[in-house]
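Student: The lines below spell out each chain.
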Amino acid sequence: MIELKEVSKNFGLTHALNNVNLKLGSEQCIGLIGPNACGKTTMIKSILSIVVPTAGDILIDGKSIKNDVSYKSLIGYMPQIGRYPENMSIGQVVDMIKSIRNNEQVLDLELWDAFNLDSMKDKKMHALSGGTIQKVSATIAFMFNPKILILDEPTAGLDPLASEILRDKIKKERNNGKLIIITSHLLNELNDVLSHIVFMEEGKIVFYKDIESLLEETGQPLISKAISYLLKNLKG
Amino acid sequence: MNKLIGLVIKDILKSKVIIIYTLFLAAFGWSVFSLESSSAKGALSLLNIILLSVPLVSIIFGNIYIYNSREFIELLVSQPIKRSTIWNSIFIALLIAVNLAFLIGIGIPVMIFSSNLIGLSVLLTGLFIGSIFTALALMGSIITKDKARGIGLSIMIWLFLTLIYDGLLLFLMFQFADYPIEKPMALFSSLNPIDLARIQMLLQIDESALMGYTGAIFKKFFGNFYGYIITIVLLMLWVIIPYWISLIKFKKKDL
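Protein chains in written order, with my numbering: chain X, 1 to 236; chain U, 237 to 491.
Just so you know, nobody snuck in bad clues.
List of simulated lysine to any residue pairs, SDA-like, C-alpha gap at most 25 angstroms:
id, chain 1, residue 1, chain 2, residue 2
1, X, Lys225, X, Pro160
2, U, Lys487, X, Thr41
3, U, Lys489, X, Asn10
4, U, Lys488, X, Ser73
5, X, Lys123, U, Arg306
6, U, Lys485, X, Leu48
7, X, Lys232, X, Asn18
Please keep in mind that the hints were generated in silico from the structure rather than gathered at the bench.
Take these sequences, add in the hints, and give me the full structure.
Tutor: Right under this line is the structure:
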C-alpha cells in the first residue's frame with residue numbers, strides 16, 4: 001500500500017531521512033518508534049507531502065505521490081498538535097474538511113458520537129482544551145473511512161477514557177483491513193493494538209518486525225521491554 | 237476553493253485586530269475631513285496617513301496570520317487539495333479582509349465628503365497599497381521560518397519603502413543635482429510602490445509641489461494618459477510578482 005523507495009531528506013546538513021526503503025501492506029498496525037529526532041515525523045510528513053523529500057520516491061497503491069494530491073483522500077491524518085482557525089467552531093471545522101474532501105460516501109461518525117462532540121459543536125476552537133482538540137483531530141482522521149490512517153502521538157493528552165475509546169477504534173479499523181501507522185512513546189498503552197514495529201534511528205530503519213517474532217526473539221512479555229532489550233544487544 | 241476563501245475570511249473578520257484597524261481608519265477618515273476646510277486638502281492629508289498606516293498594518297497582519305495558521309495550513313496540505321489552491325485562497329481572503337476594512341473605514345467618509353475623482357483615486361491608492369503589502373507579507377512569511385524574524389523583516393520592508401527609500405533618493409538628487417538625472421530618478425521612484433501610489437494620486441490633481449521631489453519629476457515624465465496606465469501596470473506588478481514568488485516557494489516548502 002505504501003512503499004518508500006530510497007527516500008532521503010536533508011535539512012541543511014542533518015539527514016532526517018537517510019535512504020529509507022520500506023514496504024507496508026494493508027491490515028497492519030505499525031508502531032513507528034525511535035528516539036527523539038530519529039526521523040519519524042519527517043517520514044510521516046513525507047508520506048503526506050507536507051515535507052518534500054530531497055531524493056527518492058514514495059508510492060501509494062503503486063502510484064508515485066509526486067505532483068498528485070488525489071491520493072490524500074485515501075489517508076486520514078491525526079497530527080501531534082492540531083491547530084485550527086481560532087474563531088471557527090468544531091462544527092465549522094468538520095464541515096470545512098467535509099467540503100474539501102468532497103466525497104459522497106457515508107461518514108464514519110463513531111468517534112464523533114463516542115467523544116460526545118455533538119454537544120460541543122458550537123464551541124470555538126480557541127476555547128477548547130488540548131485533549132478536546134485531540135478528539136476533534138482523531139474524529140476528522142477517521143471520519144472519511146480512509147484506507148490508510150496516520151496517527152502522530154494519538155493518545156498523548158487524552159484522558160484514560162478517551163484514549164480507551166480511540167484504542168478500540170484503532171483495533172476495529174485494523175481488523176477492517178486498514179493500514180494504520182502510529183508514532184508513540186507510550187508503547188505500553190498500545191500493546192494489544194500494534195501488529196508490527198518499525199524502529200528508526202538517525203534517519204534509518206533499524207528493524208521492521210511483527211510483534212510475535214519480536215517478543216519471541218527477545219523473550220520479553222512487553223513491547224517496551226523487548227525493544228530496550230534489542231537496543232542494548234544491538235549496541236553491545 | 238470558494239468555500240475555503242469564505243471560511244478564512246470569516247475567521248479573519250472575526251479577529252479583533254481587523255475590527256480595531258477598521259475603527260482606526262474610520263476615526264482618521266472622519267476627523268481629517270472635519271478638520272480640513274476643502275475636500276481636496278482633506279483627501280491629501282488622508283493620503284499621507286494612508287501611505288503610512290495601510291502598508292504597516294497590511295504587512296504585519298498578513299505575516300502574523302500566516303504564522304498563526306501554520307498548523308492549519310499543514311492540516312489543509314494533508315487533505316486532498318492542491319497547495320496552490322490553499323495559498324491562493326489565503327491570499328484572496330487576506331486581500332478581501334484588508335481591503336474591506338479600508339473601504340469601510342476610509343471609503344465611507346471619502347464618499348460622503350469627497351465623492352469626486354480625487355476621492356476615488358485616494359481609494360484606489362489605498363486598495364493597491366493594501367494589496368501590495370499583503371503580497372509582500374506572504375513573501376516575507378515564506379522566506380523566514382521564525383515568527384519574530386518574519387515580523388522584523390516586515391517592519392524593515394515597511395520602513396525601507398515608506399521612509400528610507402525616499403530619503404536615499406532625495407540624497408542622491410541633491411548630490412547629483414548638476415547632472416541630468418530626471419530620467420533615472422523617475423525610474424527609481426517607479427521601483428517603490430509607495431512612490432508609485434503617490435504618483436498615481438498626483439497625476440489626478442495639480443498639487444505635485446506638496447508631494448515631494450520624486451513626485452514632481454515623475455509628473456513631468458508621466459503626467460498624461462500613458463503615464464497613468466504605466467503606474468497602474470507597475471502597481472499591479474507589485475502585487476503579482478511578490479505573490480508569484482511566494483507561491484512558487486510555498487509549493488516546495490517543508491511545513
